[in-house]
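S.K.: In case you want the letters, here they are:
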Amino acid sequence: GESVGLHLPTLSVQEGDNSIINCAYSNSASDYFIWYKQESGKGPQFIIDIRSNMDKRQGQRVTVLLNKTVKHLSLQIAATQPGDSAVYFCGDGRGSQGNLIFGKGTKLSVKP
Amino acid sequence: GAGVSQSPSNKVTEKGKDVELRCDPISGHTALYWYRQRLGQGLEFLIYFQGNSAPDKSGLPSDRFSAERTGESVSTLTIQRTQQEDSAVYLCASSPQGRLYNEQFFGPGTRLTVL
Numbered sequence: 001g002e003s004v005g006l007h008l009p010t011l012s013v014q015e016g017d018n019s020i021i022n023c024a025y026s027n028s029a030s031d032y033f034i035w036y037k038q039e040s041g042k043g044p045q046f047i048i049d050i051r052s053n054m055d056k057r058q059g060q061r062v063t064v065l066l067n068k069t070v071k072h073l074s075l076q077i078a079a080t081q082p083g084d085s086a087v088y089f090c091g092d093g094r095g096s097q098g099n100l101i102f103g104k105g106t107k108l109s110v111k112p
Numbered sequence: 001g002a003g004v005s006q007s008p009s010n011k012v013t014e015k016g017k018d019v020e021l022r023c024d025p026i027s028g029h030t031a032l033y034w035y036r037q038r039l040g041q042g043l044e045f046l047i048y049f050q051g052n053s054a055p056d057k058s059g060l061p062s063d064r065f066s067a068e069r070t071g072e073s074v075s076t077l078t079i080q081r082t083q084q085e086d087s088a089v090y091l092c093a094s095s096p097q098g099r100l101y102n103e104q105f106f107g108p109g110t111r112l113t114v115l
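So the sequences go chain by chain: A and B. For the first sequence, the numbering used here assigns the number 1 to the initial residue and increments by one for each residue that follows. For the second sequence, the numbering used here assigns the number 1 to the initial residue and increments by one for each residue that follows.
Isolated chain A (complex conformation) (with noise of 0.2 Å):
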């Protein structure tokens, strides 16, 4: 199957700096595409999602930006917290099916 991938497996921020992750999909019958958070030794916790019929989706201080053109996701954090600080995975699936495809993760550091 397709897999999601990530550009960065890791990246490091200032506090209060706003903070961009980014990720590439692959399968263009994606249509449904989701942020996790994931902190040490706990099970992944949603963040946002958004569907192909749209380009932005914003929630509480995140921003989720679709570029279906380049097959391209990213979760943008406002003021990036030492709370934020986790592995982000972004995923994705196919509407049929009832799946998600997951990427490697993304570590946030959040230096003080």
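No lab work stands behind these hints: they were computed from the structure. Virtual Cβ for every residue (Gly too), placed ideally from N, Cα, C. Treat each hint with caution, since some may be false.
Between beta-carbon pairs, the in silico distance windows are [what the hints assert, rightly or not]: (1) A:Thr69 x B:Arg81: 45 to 51 Å; (2) A:Ser40 x B:Glu85: 19 to 25 Å; (3) B:Gln83 x A:Asp17: 29 to 35 Å; (4) B:Asn10 x A:Met54: 19 to 25 Å; (5) B:Gly16 x A:Ala29: 40 to 46 Å; (6) A:Ala29 x B:Pro8: 26 to 32 Å; (7) B:Ser53 x A:Met54: 30 to 36 Å; (8) B:Glu68 x A:Gln81: 38 to 44 Å; (9) B:Ser66 x A:Glu39: 44 to 50 Å; (10) A:Pro82 x B:Ser9: 38 to 44 Å; (11) B:Ser27 x A:Glu39: 21 to 27 Å; (12) B:Lys17 x A:Thr69: 46 to 52 Å.
If you want the footprint, here are the derived chain A segments under chain B, 3+ residues with CB under 8 Å [as the list claims (entries may be wrong)]: (13) 44-55; (14) 101-107.
For this one, chain A is given, so just place chain B on it according to the hints.
M.R.: Just chain B now, kept in the frame of chain A:
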């Protein structure tokens, strides 16, 4: 409210033994998923249940792996004749509906160590 729970939280076993991992989804969630996460790696899809049936078993890595779900509730993932490469965190998730466009709620996982 109660989230997804998994048991045991940690399991250490010897190579060749069978293990059973349990998942209790959120009450009322019809869909249930199992994933495997090796150390420092991403989430590897194993199997998906809609109700008690499994329309997608494509992620099960070998015939040593099996899973069942009863009462549209609890699910058990069984690994027979465990191998060292089975060592990983096994995560379970549930969602209100089987089709996508729904958030999956993850449990804390079971850390399996095969010696």
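S.K.: Hint by hint, which ones does the structure fall short of?
M.R.: The structure conflicts with hints 3, 4, 6, 9 and 10, although it agrees with all the remaining ones.
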